[in-house]
Amino acid sequence: MARVAVQTAPFDVATELAALATGRHDVGGIGSFIGTVRDTAGGRQITAMTLEHYPGMTERALADIVAEAGRRWPLLGVTVIHRVGRLVPGEGIVLVLAASAHRAAALAATGFLIDWLKTRAPFWKREHFADGSTAWVEARAEDDAAAASWATTSRAES
Amino acid sequence: MARVAVQTAPFDVATELAALATGRHDVGGIGSFIGTVRDTAGGRQITAMTLEHYPGMTERALADIVAEAGRRWPLLGVTVIHRVGRLVPGEGIVLVLAASAHRAAALAATGFLIDWLKTRAPFWKREHFADGSTAWVEARAEDDAAAASWATTSRAES
Amino acid sequence: MAELRILYFAWLRERVGRAEETLALPTGITTVAALREHLIARGPAYAALAEPTVRVAINQAMAGPATAVGPGDEVAFFPPVTGG
Amino acid sequence: MAELRILYFAWLRERVGRAEETLALPTGITTVAALREHLIARGPAYAALAEPTVRVAINQAMAGPATAVGPGDEVAFFPPVTGG
Chain A
80 MARVAVQTAP
90 FDVATELAAL
100 ATGRHDVGGI
110 GSFIGTVRDT
120 AGGRQITAMT
130 LEHYPGMTER
140 ALADIVAEAG
150 RRWPLLGVTV
160 IHRVGRLVPG
170 EGIVLVLAAS
180 AHRAAALAAT
190 GFLIDWLKTR
200 APFWKREHFA
210 DGSTAWVEAR
220 AEDDAAAASW
230 ATTSRAES
Chain B
80 MARVAVQTAP
90 FDVATELAAL
100 ATGRHDVGGI
110 GSFIGTVRDT
120 AGGRQITAMT
130 LEHYPGMTER
140 ALADIVAEAG
150 RRWPLLGVTV
160 IHRVGRLVPG
170 EGIVLVLAAS
180 AHRAAALAAT
190 GFLIDWLKTR
200 APFWKREHFA
210 DGSTAWVEAR
220 AEDDAAAASW
230 ATTSRAES
Chain C
-3 MAELRILYFA
7 WLRERVGRAE
17 ETLALPTGIT
27 TVAALREHLI
37 ARGPAYAALA
47 EPTVRVAINQ
57 AMAGPATAVG
67 PGDEVAFFPP
77 VTGG
Chain D
-3 MAELRILYFA
7 WLRERVGRAE
17 ETLALPTGIT
27 TVAALREHLI
37 ARGPAYAALA
47 EPTVRVAINQ
57 AMAGPATAVG
67 PGDEVAFFPP
77 VTGG
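Protein chains in written order, with this note's numbering: chain A, 80 to 237; chain B, 80 to 237; chain C, -3 to 80; chain D, -3 to 80.
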C-alpha cells in the first residue's frame, strides 16, 4: 500500500499514479505534491543542485512518516519518491501521492507527508552557482513551523 | 497562465503537468488533486455516474475561482479540468494543479480550488446503481463548511 | 416584447419537465423572488421551485431573492451543486 | 573490542574531513553528549561537532544528548536536514 523510494533516476508521475490507483474503485481522491528545482536561490542563479542522504536511515525515516500519516488519516495508498544526486533546474526532486476515499484526507495527508519529510528525513541539498561556487542549503524556520503544526492535532477535517 | 476546461474526454495528468511546468525554472512546487469515481455511495454499488453542468456559467465560475486563488497566493500556473457526461468507477472526474515558487502556496491553492469548485461551480452528479435506478447526489454540509473555511482568511502561511 | 430565457438543471429540470423555456416578462416582476412566486403560481409542474434549497443564477452569475430581473435576462434555477 | 561506527554528513562531513570512521568506545562514554564531547576534545577537525545545530542519530533513529551509546552502535552526526 505504501511505496517509498530514494533514487537518482527521475520519477514518472503518470507511472506512479497508475501504480497507486489503476484498477481501484475505492479511491475518491488523490492528493499530490511535486517539488522541483528552481533556478534561483536568495537572488543567485543556480545551475544545479546536489542531494546527499543517509542511506538506510532515509528509507526508515520515510517509512515512519508514511506510517504516521496512515495512523492519522484513512489512506488507501501512499507514494513517496525522493531523488538524490545531481539535479538541474526544472527537474523533480520529490513526489508525494496520497489516495483516500475522500478528498479532505488525501489533501491533508499530502501536506503532512511533505512537511514532515522536509524536517525529518535525512537529505541535504547543496546548491551550485553559475560562478562555480557551491553552498549547503540552510534549514528554514518556516519548515520547522510547518512540520510542528501537524505535531499534535490531526487535520483530517480541515 | 490558467487553463480551465470542461470536457467529456478523460484528462491526462502527465500532459497537463508538462503543459504547466515543462521548461519553467521558477516553479518550486506543484500541488495537485485528482477526484475519481468510487464504486459505492451510501453502501450501494455504483455502476456509473452522469455529470451535468450549466454550459457557459461553468467556465465563468471556474475562471472566477482560479482568479480568486491568484489573488490569494503567488501562483505561477493553475489548471482546472472537470469532466461531464457518463463516467465509470476508477475514472478521473476533476483535476486541479497549482504551481508556485513555494510549496505552501501550491498546496493551499490546491485545497482552495477544489473546495470552492465543489460548492460554486454548476455541476450536478447523478449516480447509477446496479439495479438500474439512479439518484441525484445531494450536496454535503461538510463541503459547504470546507469552502466557507477559505472565505475570509488567506491561508498562504498555513 | 420583453422576454426571459429560463433554464432548469438536474432534478429541477426533471420535476419541471423541461430544460428551458421562454417567458414573457409579466408586468411588475422585477426581482428573483417575484419571478419565482410567479412561476410557482403557474401550476403543479413548478412546485419544485418552492424547495428551499433551490439556487438561482441571473445571466450566469449567482443571484439572491432581491436580485433584479429584467428583459432579456437568462435566469437559471438549479439544486445545490455537487461537482468535484 | 567495543567499537562504534561514526558517520558524518553534508557540511559536517566536509569539516571533519571524513565520511566515516571507527572508534574504540572509550571507558565511561555512555551517552550522545559524552561521545560528542570526547570527539570535540580529539582536535580541531572535530570543532564542527560543537555547532549547536548539529543533529545526532543512533542506529538510524534520531537521538538526543541523553540517548545511550553502546558497543556496536552506528552514530551519525549531521546538520539540520534540507530535503523535499
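If you are wondering where the hints come from, they were derived from the structure by calculation, not from laboratory data.
Warning: the hint list may mix true and false statements.
[What the hints assert, rightly or not] Computed from the model, here is a short list of chain B residues facing chain A with C-beta under 8 angstroms:
| # | residue |
| --- | --- |
| 1 | Gln86 |
| 2 | Val106 |
| 3 | Thr115 |
| 4 | Ala142 |
| 5 | Pro168 |
| 6 | Ile193 |
| 7 | Ala225 |
Nothing here was measured: the structure is a model prediction, and the numbers come from that model.
Even glycine gets a Cβ: it sits at the ideal position worked out from N, Cα and C.
Each hint, compared with the structure:
no.	hint	result
1	Gln86	violated, 19 angstroms
2	Val106	holds, 5 angstroms
3	Thr115	holds, 5 angstroms
4	Ala142	violated, 22 angstroms
5	Pro168	holds, 4 angstroms
6	Ile193	holds, 6 angstroms
7	Ala225	holds, 7 angstroms
Violated hints, listed in ascending order, are 1 and 4; each of the other numbered hints is respected by the structure.
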